[in-house]
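Top line first, the protein sequences correspond to chains A and B.
For the first sequence, the numbering used here gives the first residue as 1, with consecutive numbering after it.
For the second sequence, the numbering used here gives the first residue as 1, with consecutive numbering after it.
If you are wondering where the hints come from, they were derived from the structure by calculation, not from laboratory data.
This structure is a prediction, so every number in the text was calculated from the model and none was measured.
Keep in mind that the hints are not guaranteed to be accurate.
Claimed, not checked - To spell it out: a stretch of chain B is covered by chain A in this simulated footprint if at least three of its residues, at any positions, have a beta carbon under 8 Å from a beta carbon of chain A; those stretches are:
1) 59 to 70
2) 133 to 141
3) 152 to 163
4) 171 to 182
5) 222 to 236
What the hints assert, rightly or not - From the derived model, a few chain B residues whose C-beta atoms are all more than 12 Å from chain A:
6) Trp14
7) Ile73
8) Val81
9) Arg86
10) Pro99
11) Met104
12) Gly147
13) Pro199
14) Phe213
15) Val219
16) Leu243
17) Ser247
All C-beta atoms in this analysis are idealised placements derived from N, C-alpha and C, irrespective of residue type, glycine included.
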Amino acid sequence: MSGLSEILGMGGHGVYVWSCYAITLVVLALNVVQPWLARRRLVNQEARRRRREVM
Amino acid sequence: MKWTFFHKLGSPKWFYDISGRWLPWFAAASVLLLAVGSVWGLFFAPQDYQQGNSFRIIYIHVPAAFVAQSCYIMLAVAGVVSLVWRMKLADVALKCAAPIGAWMTFVALLTGAIWGKPTWGTYWVWDARLTSMLILLFLYFGVIALGQAISNRDTAAKATAVLAIVGTVNIPIIKYSVNWWNTLHQPATFKLTEKPAMPVEMWLPLLLMVLGFYALFTVSLFMRMRLEVLQREHKTRWVREALEKMS
């Protein structure tokens, strides 16, 4: 276990390194998830509109 | 005759079809490159002899800064194409790339600040490189805000194109800031004309991360542009049919 905490601790620099990687991961994910959600919203919206037109 | 390719390039339907075919490949490449690059950079690359482990931030800081700057150049190129040839797709690209560029600039600035703490002893200094990157972020904000503030689409396209083109003066300032004002930020690690000043097991993961960031930028750009095309062309038959197939 001490081996793992040594690797993650990075000689006292762990907090800087890991916070950078965590923030970047969130930002990168956001840039893909956001347009994906918006696309789903558009598809659902259009489907509802078509159903209304049929009725 | 020669112009057919150019017209095809500007056709939203052609872009929608071709980008749909390329998207999964770029997505797979970005996941693979970023996964291998970050595991390599975090756990297997050797420590820096001066900075210890904090230098591992380079594997996201440098790629983010690369993409942030190339994205702005892309904005300006799209702006020229949109102004000169009135290509609608160029305006779509400009509008969709701006927020990604802003996010990349944000990541470069933030990781730089966090890296600065253990290395320089401070999160922020008004160093030339840091200041010119902050100006880049504000330029991105300007392009985004201008596009949203003008409701007429053609006017918005022209205004954002002009701002994107004018803002490119900042790009060489960012690049040469470390040479002109030699203050705190270190000079470029990589030059095209020289061998890297790093051992191969340090720069190879960095190369993977740079390629991974560019691949992910392309994925996000294609996704945003495809959505924008669907919204702008929603009255055309091919978009109606495409949307019908999706639901």
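Checklist entry - Can you name, in rising order, the numbers of the hints this structure does not satisfy? => result 2, 3, 4, 10, 11, 14, 15, 16 and 17
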